[in-house]
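The listed protein sequences correspond, in order, to chains E and F.
Quick note on numbering: the first sequence equals residues 2 to 201 in the working numbering.
Quick note on numbering: the second sequence equals residues 2 to 201 in the working numbering.
Rather than coming from a laboratory, the hints here were simulated on the basis of the structure.
Careful: at least some of the hints might be erroneous.
[Unchecked claim] Here are the simulated lysine-lysine pairs, DSS-like style, with alpha carbons at most 27 Å apart:
| no. | chain 1 | residue 1 | chain 2 | residue 2 |
| --- | --- | --- | --- | --- |
| 1 | E | K25 | F | K169 |
| 2 | F | K44 | F | K78 |
| 3 | F | K18 | E | K53 |
| 4 | F | K53 | E | K25 |
| 5 | E | K18 | E | K36 |
| 6 | E | K36 | F | K169 |
| 7 | E | K53 | F | K44 |
| 8 | F | K131 | E | K44 |
| 9 | F | K169 | E | K98 |
| 10 | F | K72 | E | K55 |
| 11 | F | K161 | E | K55 |
| 12 | F | K169 | E | K18 |
| 13 | E | K18 | F | K131 |
| 14 | F | K25 | E | K25 |
[Unchecked claim] Reference excerpt, derived from the structure (chain F facing chain E, CB under 7 Å, subset only):
| no. | residue |
| --- | --- |
| 15 | S6 |
| 16 | K25 |
| 17 | Q28 |
| 18 | D67 |
| 19 | K98 |
| 20 | T190 |
Even glycine gets a Cβ: it sits at the ideal position worked out from N, Cα and C.
There are 2 protein chains.
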Amino acid sequence: MQITSEYLERVIEQLAKLPGTGRKSAQRIAIHLLKQNDEYALKLANAILDLKNKVTRCSVCGNVSDNDPCKICENSKRQNGIICVVEEFNDVYIIEKTNEFRGRYHVLGGVISPMDNIGPDQLRIQELLKRVGGDEQIEEVILALNPDAEGEATSYYINKLLAPYEIKVTRIAYGIPMGTELEFIDEATLSRAFASRNAF
Amino acid sequence: MQITSEYLERVIEQLAKLPGTGRKSAQRIAIHLLKQNDEYALKLANAILDLKNKVTRCSVCGNVSDNDPCKICENSKRQNGIICVVEEFNDVYIIEKTNEFRGRYHVLGGVISPMDNIGPDQLRIQELLKRVGGDEQIEEVILALNPDAEGEATSYYINKLLAPYEIKVTRIAYGIPMGTELEFIDEATLSRAFASRNAF
């Protein structure tokens, strides 16, 4: 077979390394890029370079940020003394969208997962303890990890480490999602919803 | 809600414009890029820029190429006098992989599609007629368009335009794909397979 464009091959090869993108999707994206005006490709390429060159991590909360500390840690209008612990920076984005939480965040950078060789030391757990024991006057830590096996295990682990500090440790409520019907809910969720029932 | 990284937002926004990529996939890709080493992001960004700056179209066959004419048009070892007409450059790639066809190509750049406002004038049909009437001494044109309504209509249209030239016009065989069972084949394909039956 004959390849007429090495450059096209190269971009397909690189695109195919992206998560959820096989050779066929990579080809489709490359075709799309070829057909677009130059401006879009330039914007995309520069956005990718900026992402690597200009985005850093906030040294306080671990969130991705263009500045250190990040805008949330720096914002004097946000509530002090309450930290929401999440797995990754995109969880911050998801929670921020609700406008429900006005406190501070702490991004772990993952969860404990022996299968993936991720232990507590690879997560920002020590940094969390330092904040709780430091001068932020923390009163409450909300655990908002994903309700899967790793998230649960990590929540228990952190809860245990926080026991010596005299603060409230809470977790977001797991239960029936709004707008669904009971018959479509799995048993584990339904059990959790019963165990966590509230006064009406 | 508070955005801590404008650069991250920007790359997600650009990635979400890619075909088959919504905001969620774009976020996942951005997270992946953030976690990768710098070298990969640099390679990807440069590959995208090269795609736009260095890839051109072959003025003979319309295929994407780093040079004009392309390697296939230029290759003296390929069979002269036979042109395979395809919709897009990725069809060339697919056909080349089979190592079945050793002639020349002609890339239309699409198919006639009134729904998408694509008429014959937006396709490289006049260029095909010029090649057939020119000094390439064309003996056969193989139509290898997709077997959908637009592909069929375009094939008929081109076949009609080629009638005045005294050449063979053929099309690739449409029928039962190898390795499948008859019960899984749609009626249109099965009808076509009967109509196109060959001597055993």
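Against the structure, the hints come out as follows:
no., hint, in the structure
1, E:K25 - F:K169, "violated (33 Å)"
2, F:K44 - F:K78, "violated (34 Å)"
3, F:K18 - E:K53, "holds (20 Å)"
4, F:K53 - E:K25, "holds (20 Å)"
5, E:K18 - E:K36, "holds (22 Å)"
6, E:K36 - F:K169, "violated (33 Å)"
7, E:K53 - F:K44, "holds (12 Å)"
8, F:K131 - E:K44, "violated (38 Å)"
9, F:K169 - E:K98, "violated (63 Å)"
10, F:K72 - E:K55, "violated (40 Å)"
11, F:K161 - E:K55, "violated (58 Å)"
12, F:K169 - E:K18, "violated (43 Å)"
13, E:K18 - F:K131, "violated (41 Å)"
14, F:K25 - E:K25, "holds (20 Å)"
15, S6, "holds (5 Å)"
16, K25, "violated (9 Å)"
17, Q28, "holds (6 Å)"
18, D67, "holds (5 Å)"
19, K98, "holds (5 Å)"
20, T190, "violated (22 Å)"
The structure shown violates the earlier hints numbered 1, 2, 6, 8, 9, 10, 11, 12, 13, 16, 20.
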